[in-house]
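Student: Here are the chains, one letter per residue:
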Amino acid sequence: MAEMAPWAANAWYVACTPDEIDAKPLGRQICGERMVFFRPRAGAVAALEDFCPHRGAPLSLGFVEDGDLVCGYHGLAVDCAGRAARMPSQRVSGFPPTRAFPVVERYGFIWVWPGDPALADPAGLPDLPWAESPDWVYAGGLYNIACDYRLMIDNLMDLTHETYVHATSVGQKEIDEAPVETRVEGDEVVTSRLMPNIPAPPLWRQGLIDAGLPGDAPVDRWQVCRFSPPSHVMIDVGVALAGRGGPEADLGDKVFSIVVDFITPETPASHWYFWGAASRNVGRPDLVAARREAQGKVFAEDRAMLERQQRNLDAHPGRRLLKLNIDAGGVHSRRIIDRLIAAEASATSASSAA
Amino acid sequence: MAEMAPWAANAWYVACTPDEIDAKPLGRQICGERMVFFRPRAGAVAALEDFCPHRGAPLSLGFVEDGDLVCGYHGLAVDCAGRAARMPSQRVSGFPPTRAFPVVERYGFIWVWPGDPALADPAGLPDLPWAESPDWVYAGGLYNIACDYRLMIDNLMDLTHETYVHATSVGQKEIDEAPVETRVEGDEVVTSRLMPNIPAPPLWRQGLIDAGLPGDAPVDRWQVCRFSPPSHVMIDVGVALAGRGGPEADLGDKVFSIVVDFITPETPASHWYFWGAASRNVGRPDLVAARREAQGKVFAEDRAMLERQQRNLDAHPGRRLLKLNIDAGGVHSRRIIDRLIAAEASATSASSAA
Amino acid sequence: MAEMAPWAANAWYVACTPDEIDAKPLGRQICGERMVFFRPRAGAVAALEDFCPHRGAPLSLGFVEDGDLVCGYHGLAVDCAGRAARMPSQRVSGFPPTRAFPVVERYGFIWVWPGDPALADPAGLPDLPWAESPDWVYAGGLYNIACDYRLMIDNLMDLTHETYVHATSVGQKEIDEAPVETRVEGDEVVTSRLMPNIPAPPLWRQGLIDAGLPGDAPVDRWQVCRFSPPSHVMIDVGVALAGRGGPEADLGDKVFSIVVDFITPETPASHWYFWGAASRNVGRPDLVAARREAQGKVFAEDRAMLERQQRNLDAHPGRRLLKLNIDAGGVHSRRIIDRLIAAEASATSASSAA
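Protein chains in written order, with this note's numbering: chain W, 1 to 354; chain P, 1 to 354; chain V, 1 to 354.
Here chain W stands alone, though its shape is the one from the complex:
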């Protein structure tokens, strides 16, 4: 599947959140692979192919016992490395192994490496200071979205859509009117937009008020979207009272957060969208919960649009789309993905030749 798949396999993807595997194993398809995630013991995590070598039952229907995952059909126990550990009245030494996937728990997520295990290095995980600092607080959710994951990257790397898709929350015409700047920094793409001296849109107006600032004051608004391979998009967003320095304003003059988007391919036509936001920890879990709910509604608007867009593209497979300056973020991000896929394919064929 690797050579035709529209994603890089040798990369860390967010697979799930810890709460999804605390009580029992979780079956989830990631980058075309059906996987089962489980905790062999408290604090540990493992990922195997979700396929029992005995009769093909999904291991995710089983349970954990003595650190191994026991198939819920006939009791074959498989260890974290995919080795057949035991089975009642059977000698399992000759049983074929189950594929194991490198997996790491960090930053409040379970990360999986769908490709070559020999290349998996936790040092390659992104650096997410907000996830490990008591000064920040994170809240988010998960949507399964029936479209190519790259449509979501396009979406997040061009926030002019907020004016239309999110007209009642974060959209405002001033987004379209502000120039956008896109630059490529190695394997990352940054798209940024500054909107000086504008009224705050509804969600930011509420943010100002929550912070004790005047909601109707003119603000300098910013949006800095950063794509990192394989498919993460972090967006610095905020508003500062106009003329106080924008993103560089004093803490007391601005409100801001990091929109966090981990976009994990499920199949070529669907993906897992781990959405959320990190904001300054001001000891107000009620505000965090309210913003998470508001953000969930905003991203549900994206989901509706993207799924309809995908169906439209499916109906017109040969149609070329426009690539405007506002699309540069998505275009460059896709180029980086394509480059990674090509490099994997070339490494695979070189190693096959050798």
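Read the hints as simulated data drawn from the structure, not as lab findings. Some hints here could point you the wrong way.
A pair holds if it fits inside one copy or across any two, identical chains being indistinguishable in the list.
[As the list claims (entries may be wrong)] Subject to a maximum C-alpha distance of 35 Å in a straight line, what follows is the list of computed DSBU-like cross-link-like pairs (lysine-lysine):
| no. | residue 1 | residue 2 |
| --- | --- | --- |
| 1 | Lys297 | Lys24 |
| 2 | Lys323 | Lys24 |
| 3 | Lys297 | Lys323 |
| 4 | Lys173 | Lys24 |
| 5 | Lys323 | Lys173 |
| 6 | Lys173 | Lys297 |
Small disclaimer: the values here were computed from a predicted structure and weren't measured.
Could you slot chains P and V onto chain W? The hints should help.
Tutor: The following block gives chains P and V in isolation, referenced to the frame of chain W:
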């Protein structure tokens, strides 16, 4: 798609009713084309391909502004003719046009021409006197039906099915027993049946009573089905007190209506069925509403049968069906459709050659 | 379809239960054939292809009249042998026949022969003494299951799965620990397991109590699964007070029943599962009903597992599975099925050649 499609493209089809586009744009697939219908201004109507040339989002998720349709994803505005009109911070002069479809509002319906716009002439719309006369009143509805639209034409051009499918409303064994006559008149097909001196079936019995006539009197019943290309079927139906002249009886001795069927292909395996009836306007909207409800139930019986028939035909693709005398209406109608399709194909290849 | 199909066609399969056809015709797909079952008269049963030769409507939407099945679309009446019997205003003598399937009512089931009618002999029905004896009582149900019918045979011929899939009802670790013996007897396969001197699992504990025996007494438990072509599995199950002779113990020292499984292919990827149990008739319909309900829950657990297993196998079509000693029952049963299919194919080609 044109050469394989089982429908004529150069024809007027009913696309929707005005109420479906009054509040916001309507996305609807017709003859395999995904279209968006909207009102650029009060009283006007336009139809475009439902595909934004920017990123492929459905334009039907957008809104109308200054006579143009604005895409709900990133704000590209397209005018009625499909030209890119404007987009925030963009020069749109080089944008590719969106396909526009000829569209007309008449007779209480929006009509669309899916084929070559150069051939679209509103003069080709059918002549529907009942739709423009205060002496008549129309009521109807819309079903999406999961079968080839030609199965619906077959159904309507052979009313012997009423005896079986609509046994409790308009069916009666006397339909089967009466001889049926089918004739071809140019591009139209007429199937007619006269049933002299029979009891009225339940729905007509009610009609007689509503008109102040005896429900249990013997009647002369008639059914005259007329197919017109591309896929309209109008059926003159009625009962007169026996021996008073049947269809030619005095107004006071008969009850009658025109069953109106606009059958619009959606895909090769589904269609939009605009069903309804025109009847004499006697200032009784309550009766019109009651008959509309009764008719909706009758046509729901057809829907159930036709969808099951389609699944059966799909399961036996090579199976030949019988063509009896009662099937002549459908057979001749299909021949006319085939002739129109062939003529379009031949005109297309001639123009390609030239 | 025959040569590729994964089932024997020249065999008796359970099609339905009498109550399913008492009120009106029943449409059901069996071994890939869409069939309609009906009672031409009280006590009689017939099966035809569910396809009207007139316009392809499903005959199962029709009704029985004078011993014939009348199509619910336009009234063609077809007799039990598939001959067109009559149609209003039509001469039907030249109408093509509808395929008729040999069908028999026996043992409380309707049995159908999807293959060559010339080979259908009711003498080939299985011998089911419990179904005709007042000493026994039967209760069961029907599930449509989205998997290859052979996965259900595998399931029933290896009851180690009870420990895992049915942990709360009939499962216990002692099943896995007891040796299993599999033998082939002509066209039948028998897998048996004896579990001496163990505690009874919950369902059997209840059975002991219902019979006035101590639920917590040690028991000798037995399971004897018998596969018969084309796809029936009968399982002798029971527990006797330990040391009283197991299956041979006196009636007063044991409780037992016959688990009855008729597994009828619908399509290559789905089947009809007629599940049930025969037990001694002790004049307690309340107990029979309670056990039927409990058994329905147990088999719903199988359904969930098997449908997920099928989806997993579909996702990994080339993957080889293990064949352990516990799988011998299924493996041998499949060999017998394969042999029957091959014999049919060879007979067909021989007769084609001749």
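Student: Does each hint hold? Answer for all of them.
Tutor: Taking the hints in turn, this is what the structure says about them:
no. : hint            : result
1   : Lys297 - Lys24  : both (29 Å within a copy, 22 Å between copies)
2   : Lys323 - Lys24  : between (45 Å within a copy, 28 Å between copies)
3   : Lys297 - Lys323 : within (28 Å within a copy, 50 Å between copies)
4   : Lys173 - Lys24  : between (47 Å within a copy, 21 Å between copies)
5   : Lys323 - Lys173 : within (21 Å within a copy, 63 Å between copies)
6   : Lys173 - Lys297 : within (20 Å within a copy, 49 Å between copies)
No hint from the list above goes unmet by this structure.
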